[in-house]
Amino acid sequence: ETGVTQTPRHLVMGMTNKKSLKCEQHLGHNAMYWYKQSAKKPLELMFVYSLEERVENNSVPSRFSPECPNSSHLFLHLHTLQPEDSALYLCASSQDTGTDTGELFFGEGSRLTVL
Amino acid sequence: GENVEQHPSTLSVQEGDSAVIKCTYSDSASNYFPWYKQELGKRPQLIIDIRSNVGEKKDQRIAVTLNKTAKHFSLHITETQPEDSAVYFCVLGGGGSNYKLTFGKGTLLTVNP
Chain S
19 ETGVTQTPRH LVMGMTNKKS LKCEQHLGHN AMYWYKQSAK KPLELMFVYS
69 LEERVENNSV PSRFSPECPN SSHLFLHLHT LQPEDSALYL CASSQDTGTD
119 TGELFFGEGS RLTVL
Chain U
890 GENVEQHPST LSVQEGDSAV IKCTYSDSAS NYFPWYKQEL GKRPQLIIDI
940 RSNVGEKKDQ RIAVTLNKTA KHFSLHITET QPEDSAVYFC VLGGGGSNYK
990 LTFGKGTLLT VNP
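So the sequence lines, in the order shown, correspond to chains S and U. Numbering of the first sequence is given in my numbering, commencing with residue 19 and proceeding in unit increments. Numbering of the second sequence is given in my numbering, commencing with residue 890 and proceeding in unit increments.
Some clues are possibly wrong.
To be verified - Each computed DMTMM-like pair below joins lysine to aspartate or glutamate, with the alpha-carbon atoms no more than 20 angstroms apart:
1) U:Lys994 <-> U:Asp948
2) S:Lys40 <-> S:Asp118
3) U:Lys947 <-> S:Asp103
4) S:Lys58 <-> S:Glu102
5) U:Lys994 <-> S:Asp118
6) S:Lys59 <-> U:Glu894
7) U:Lys931 <-> S:Glu85
8) U:Lys946 <-> S:Glu126
9) U:Lys911 <-> S:Glu85
10) U:Lys989 <-> S:Asp118
11) U:Lys994 <-> U:Asp916
12) S:Lys54 <-> S:Glu126
13) U:Lys989 <-> S:Glu102
14) U:Lys994 <-> S:Glu126
15) S:Lys40 <-> S:Glu126
16) S:Lys36 <-> S:Glu70
17) U:Lys994 <-> S:Asp103
18) U:Lys960 <-> U:Asp916
Stated by the list, open to error - Computed footprint of chain S on chain U, listed as stretches where at least three residues anywhere in the stretch have a Cβ under 8 angstroms from a Cβ of chain S:
19) 930–937
20) 984–997
Simulated from the structure, these hints should not be mistaken for lab results. For every residue, glycine included, the Cβ atom is placed at its ideal position computed from N, Cα and C.
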């Protein structure tokens, strides 16, 4: 596999469930990101990791918990979510966190529905 | 965070026509202006970017223009084709970090054959 892969592609969960989203990048990048994409809203940055260290947390509720065990893998652990958390969750990677290194490479996303 | 306004939110054109999407911003320190394309059900992908020391950049049928004085930048697609149908996002960068990027709300472009 090449690029950025996300699993699962679709997830339906109840508000009391615990689930995890997984992201893997095969590009040798040092930075990984979680974004939330909701209808008619701009992409919202949630978390940024650089060399497995969290460098940004954009005031995300604690019911979202990221984990970056190594520079190729990123998880988003979900617990006690609300219906308004239903969205497409996009993982991305880049060579580093500086814009001088250019583009973000996105995965195809995990479509989350909270009932 | 910084704000970027993107217009129009939807755009429908006939195949072969041109399409223009415009974004305005307020932070004069912004210095990086990429555009991403997201086809239905697909991932966003970078299609072109421009930095503040350049006024225009072209890549085949797509071009981006930047007016730093007026604080706006635009995406131009010429000779549109059905495969250009997608959501296009302008992005505002500044501060030299990818986590300082601000995405516009997106423009849904439909190219009718």
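Results of checking the hints against the structure:
1. U:Lys994 <-> U:Asp948: violated, 24 angstroms
2. S:Lys40 <-> S:Asp118: violated, 27 angstroms
3. U:Lys947 <-> S:Asp103: Cα-Cα ~39 angstroms, so violated.
4. S:Lys58 <-> S:Glu102: Status holds; Cα separation ~14 angstroms.
5. U:Lys994 <-> S:Asp118: It is violated: about 24 angstroms lies between the C-alpha atoms, which goes past 20 angstroms.
6. S:Lys59 <-> U:Glu894: holds, 12 angstroms
7. U:Lys931 <-> S:Glu85: Answer violated: Lys931 (chain U) to Glu85 (chain S) is near 25 angstroms, above 20 angstroms.
8. U:Lys946 <-> S:Glu126: Since the Cα atoms of Lys946 (chain U) and Glu126 (chain S) sit roughly 28 angstroms apart, the hinted pair is violated (cutoff 20 angstroms).
9. U:Lys911 <-> S:Glu85: Between Lys911 (chain U) and Glu85 (chain S) the Cα gap is close to 37 angstroms, so the pair fails against 20 angstroms, i.e. violated.
10. U:Lys989 <-> S:Asp118: holds, 12 angstroms
11. U:Lys994 <-> U:Asp916: Within the cut-off at roughly 17 angstroms; holds.
12. S:Lys54 <-> S:Glu126: OK: Lys54 (chain S) and Glu126 (chain S) at ~12 angstroms, within 20 angstroms.
13. U:Lys989 <-> S:Glu102: Violated, because 25 angstroms separates the two Cα atoms, which is more than 20 angstroms.
14. U:Lys994 <-> S:Glu126: With Cα atoms ~18 angstroms apart, Lys994 (chain U) and Glu126 (chain S) stay inside 20 angstroms; holds.
15. S:Lys40 <-> S:Glu126: Holds, because 12 angstroms separates the two Cα atoms, which is no more than 20 angstroms.
16. S:Lys36 <-> S:Glu70: Violated, at about 23 angstroms.
17. U:Lys994 <-> S:Asp103: holds, 18 angstroms
18. U:Lys960 <-> U:Asp916: This hinted pair holds, its Cα atoms lying about 8 angstroms apart.
19. 930–937: holds (count 6)
20. 984–997: holds (count 11)
Hint check: violations occur at hints 1, 2, 3, 5, 7, 8, 9, 13 and 16; the rest are consistent with the structure.
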